[in-house]
Every structure is written in structure tokens, then in C-alpha cells.
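Below, each chain spelled out in residue letters.
Number of protein chains: 2
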Amino acid sequence: MKLLKSAALILFGFSVNAVAAEDLVKKASDAGLKPIPQNHAELFKLIDNPDNPINKDKLDLGKKLYFDPRLSKSSLISCNTCHNLAMGGVDGIPAAIGHKWQHNPHHLNSPTVYNSVFNVKQFWDGRSPSLEEQATGPIEAGPEMAMPAGLAVERISSIPDYVNSFRRVFPGQQNPVTLENIGKTIGAFERTLVTPSRFDAFMHGDDDALNAKEKEGLKVFIDKGCTSCHNGVGIGGGSLQKFPAVKPYKYASLGDFVGDASGMVKVPLLRNVAETGPYFHNGAVWDLNEAVKIMGETQLGVTLTDQEANSIVAFLDSLTGKKPDVHYPVLPASTAKTPKPQAD
Amino acid sequence: MKLLKSAALILFGFSVNAVAAEDLVKKASDAGLKPIPQNHAELFKLIDNPDNPINKDKLDLGKKLYFDPRLSKSSLISCNTCHNLAMGGVDGIPAAIGHKWQHNPHHLNSPTVYNSVFNVKQFWDGRSPSLEEQATGPIEAGPEMAMPAGLAVERISSIPDYVNSFRRVFPGQQNPVTLENIGKTIGAFERTLVTPSRFDAFMHGDDDALNAKEKEGLKVFIDKGCTSCHNGVGIGGGSLQKFPAVKPYKYASLGDFVGDASGMVKVPLLRNVAETGPYFHNGAVWDLNEAVKIMGETQLGVTLTDQEANSIVAFLDSLTGKKPDVHYPVLPASTAKTPKPQAD
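Chain order of the listed sequences is A and B.
Under numbering that gives the first Met the number 0, think of the first position of the first sequence as 0, with each following residue one higher.
Under numbering that gives the first Met the number 0, think of the first position of the second sequence as 0, with each following residue one higher.
It is worth saying that the hints were derived from the structure and are not from the lab.
Worth double-checking, as some hints may not be accurate.
Identical chains share a label here; the pair holds if one copy fits it or two copies do between them.
[As the list claims (entries may be wrong)] For lysine-lysine, the following DSSO-like pairs were computed, each having C-alpha atoms within a straight-line distance of at most 27 Å:
1) Lys-322 with Lys-339
2) Lys-321 with Lys-339
3) Lys-33 with Lys-241
4) Lys-55 with Lys-322
5) Lys-212 with Lys-321
6) Lys-321 with Lys-336
7) Lys-339 with Lys-249
8) Lys-63 with Lys-322
9) Lys-321 with Lys-55
10) Lys-322 with Lys-336
Work the whole structure out from these sequences, hints included.
In C-alpha cells form, the structure reads like this:
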């Protein structure tokens, strides 16, 4: 039947597919899926934070700090160590490893920084309301960068180039080098890490941006109910949900994370998901196909066939986006006053 | 007297300084100091390796591998971890820390990768004849990246984008993904990490590129005999020497490194030295002024005055060069076949 339809398409020279694509865009839109805006002003409005407006100087400084390992006690670990912009914004290991090779005590997987601006809250338990606030968490966390706030401020304050940048970015402040402002610059930089994908092009009207299998996958993704949680611009990230909801999660015993106070877990973004394995809060699953099937079971109570899971994975692949150009920064040198690295 | 000379210069409108600068360039040149060529063809000839010719595809691949932590057993440590291009090409800690947070067993300091093409041999004991060969050393070394050669090949071979790049860069080879070829691509990339400085501009005839204090420092640097070892395009890196030579090195007990079989130690490059502390093979000294004085004592048997050491440091600051633009790479994603990270 499908073959006949395709043949008809070719023979009669009019686009049944185009109509179908338009329907699919509407279906996706009705299900709550939203593309990243193509219009720059619209996008800027979506990612900017009125309490911490983006500007060029702030982005430059935030990028430097994002890549600066001197924000860790040892001077060896930067934000980019666990949220590597070269690798889908993650570290690619099951659970984070930090200062002195400590494993994350809850066996929590590092979520991607790409498109994290579309998360309604940050961290797996949603305990942080913004990227600006989140950014300071791992800096101070003992098993991550292990950096006392005072030492962070002292390190940065010892480097005149950094101090000048902070003065420029936070004019009128007596002592602009604070952990809060460090978080603001890093948060601003992270807000710009948005990755438009073929899915977005499709939603904006480019029918050919997705192939037939991916379109089929998008349909299945919607029809099975995945979009009840994985929606919005992030294709996830918009809410916390019970996990597991319907049936047990077979790898639940790995780590001791149980969600927030109500047992709720943040729905992860699915953008670039093909690059951000291993999956789930505890990084237990390496295979995306298996992850999709587990989600069907635990969250929707449906057993997906191999074909259904495969087509969903095909759709998810279309969410791999173009990464922003990042010029690797040259960091200002330490000075005689810079507190020394503390590796132990 | 100096003031009078300056006044005379201004009054009579002719350049005494220019003549002096010309003399100083000749003096520096006679002492064996060489600038990085400004002429691109000349520079290319200087950095290229006929056994491993530089080309664009090789550089692209080499840069990716340089930044790829999956070349380490844990998938957490890349070449750039210890030779950070954002931080003068070093890690800024006394001695390298690697896999499972192991400290370098000999307490050896990570040398800068910038301008390392000008080293006659690589490693502190000069045991590697080329950057291409050197690059594979830390990948395999247990306390560094701890990566068995076979596993490195298996990881890279599991990623189709990488395999395609290796085929393109090493045409005609049946199995181009080898540790040797990994080293060749990384070595080629490293050859391009050259940083022209104000010193080079001065040597090429820009009299104003160095200020009076720096020129004075350059004179002292030559007159005291520093150029007997720190010469050539690298301002060092051209030979192995006895260290300490004349008087004991007061921090010799830190670590057990004694040089090569003959007790010889490679003379480090001084380019970007202001950014590459702490100093010496065992990273014992944080203050460049102290390092300069120690070198005077141990190598030349001279006690430098504060003023002499200060002026040498001023000259050394002029060796801080412009870093090449590095676009942070987007690495090809791992696949289902990619051997998993091994953090333990």
C-alpha cells in the first residue's frame, strides 16, 4: 500500500507527502513539541534572563570561566570536564567523577549543558531554579570541583585580567568578583548553548529535513504518549515527574537517588540524546533503543515493539543539533598572588 | 645620564635607540637567539616533518584527538588536560596528575606543548626523538592516560567518522587506525602550536616591540651566559645539559628524576615561560624571579642581583606569544561498539 502511494506520488506529480508533513507538524505542535525559533530576536527573548541580561562581555567572561580549571580546588577540573562541549555537553560516563577521582555519591549522570536553558529547573531533582544558580553548585560540591567559595573568589581576584572583566561586566559593584557573579557569567554563556536540529527545520516547514523513518518515529513518539512529558522547546526539561511511574525501573538499585522531596525526577531534555549516553539519572543504560523501551514500560506501561523503538530512535537522532562555534579561550595567567592548586 | 640621552633623542630628532636596538638584535643573534620566521613558507619548512607532512585533514584529525578524552582509559583525560591550550599549554600544577588521580611517580612537571616543535627531543630526559612518537607515550603511561594501545585502536575504530578521517589522512593503508598514526596526527597538530611574541617582532626589526627594561633584560640574559643553553628558535629546547651543573639545586630532593642515562636534562623552552609555572622538571618553584636566580647559581655559578633577575624576568615576559586560534572541536559520537570508559 505504501509503495503504491509512493508510486502514485511520482506518477501524478503532486505532493501527498507535503500535505502529510504539514499534518505531522500540526500533530507535533498540538502535542506540545516546539522548535527552537529561527528568528534571532525570538530566540534571544526565549534564552535571555531579565535578571542577568546577556551581553558580549559577559559571554566572553563566562566562556573563559566555563573552561577554567582553576575554579576547582585542584585546578584540574572545569565545568567543561563533566559537560564537555566537544562531546554533546556531557562526559560520556555513567556517573560523574570529580576531585581526587571521587565518584558521584548518588551515582548521578552529568546532564548535558546544551539546551539546558530550556530546563524549567536544573539538577535531576530540580533543586536549582536557574542556570546562574546551578553553575555555582558543582564548583562548591566536594565530590565535584571541591572549591570553597572564598577560595574561588580569591583565585579569580588574584588575576588582574579577570578582575577587570568582572568590573566591566558588573559596573557599579564595589566587589564584583563573587561566586554569585561567577555563576551569572557562566549561566549567561550556557544560555547561548542552543543546538538547532533537523527536527527544528522540519517544524519550520522544511518537509525534507526528516526522512520517512524519522517522520514515522515522530508519529510513534507522539502516539505512544512520549510527548506527555518530553515536550516544549527542550523536548523535555519542562517538568518533574514520578520515575518510575507505572512499572519498576530495573536498574533502580544503582545509586541511591530517589528524586526530590516528593520523589519526583526531572524529565531530561532529548535534544542531542544520541550523543549523551549512558542514559537515565544513574547512567545505567548505554543503548538508546533499550532506554526508549524502558521508558515505555516504566512511564507509559506500554511494551514497544522493536520496530516502534527503532523508529523512535530514528526520530531522536534527528534531534542531534548544530553546536555553536566555540573559540577555545586563552585564559589570563595566574600571578604570584594566585592561591596554589590543592590536589589533595 | 639615561634621562639626558632620552632628552637628546627628542631634541635632536634622530634615533640613538634605533642604532642601539640594531646592535642588540645583532648581539642576540650572535648569541644564538633566533626569532620565529615571519615568512610563512620559511616557518612551515621549520615546523614540518618530511616523514609526517602537515596537511589540513591531518591537522583537523589531530586536533580532535588532542582534545578527545576517550583516548584515555577512563575517557576523562585528554592530551589537553595536562597540556591545556587555554593555559600556556600546561596544567599549572607542580607534577602531573593522571588516571585515578595518580601523581606522576617521578614528580615531573608537564612541559608546555606550545613551541614544543622547537625541542630537539621530547620529554625531560629527551628519550623521544619526535612529537609524533612522544604523543603516544602519555596515552599509554599508567599514571597518565593509562590506555592500552589495543584499546585506543578499538575505541577509535568503533567510531565511523574517525575511521573515515584516518582513511583520508593515511590513504593506501589497509588499517590506518593505529597508535602510531594517532601519534602522527596529534604530532602534526602540535607542530603548528607556535606562538610569535614581541621578542620576535623585535628581532625582525620592530625596535619598539620591546621596552627599555626588556631590552636591558635581554642584554643581561646574554651577558650572564643564559644563552649558552637557552638559544635557538625555542629559546631553549635545543640540548640536554647537566642539571645542576655548578652548584646544588636546593629542591633536588623533590621527586627522583635524575635525567637520562648520563644524568642529562633537557633545557626547557622559555617561550611563554611567564605562563608555564611552576618551574623546573619537578615544578618546585612558583616564582619566576626565584627560578632565574636558581638557574644563575646552579648552571652558571653566578649570583644575580635582584635588579638583574628582575630585568631578565622582564625580558622573559616579552616571550609570551600570540596563541594560534583554536576552534574547539565537535567530536564524533561513540557508538554501540565503542569500548566503555574504565574509570577503575
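Of the numbered hints stated earlier in the document, which are not met by this structure?
none
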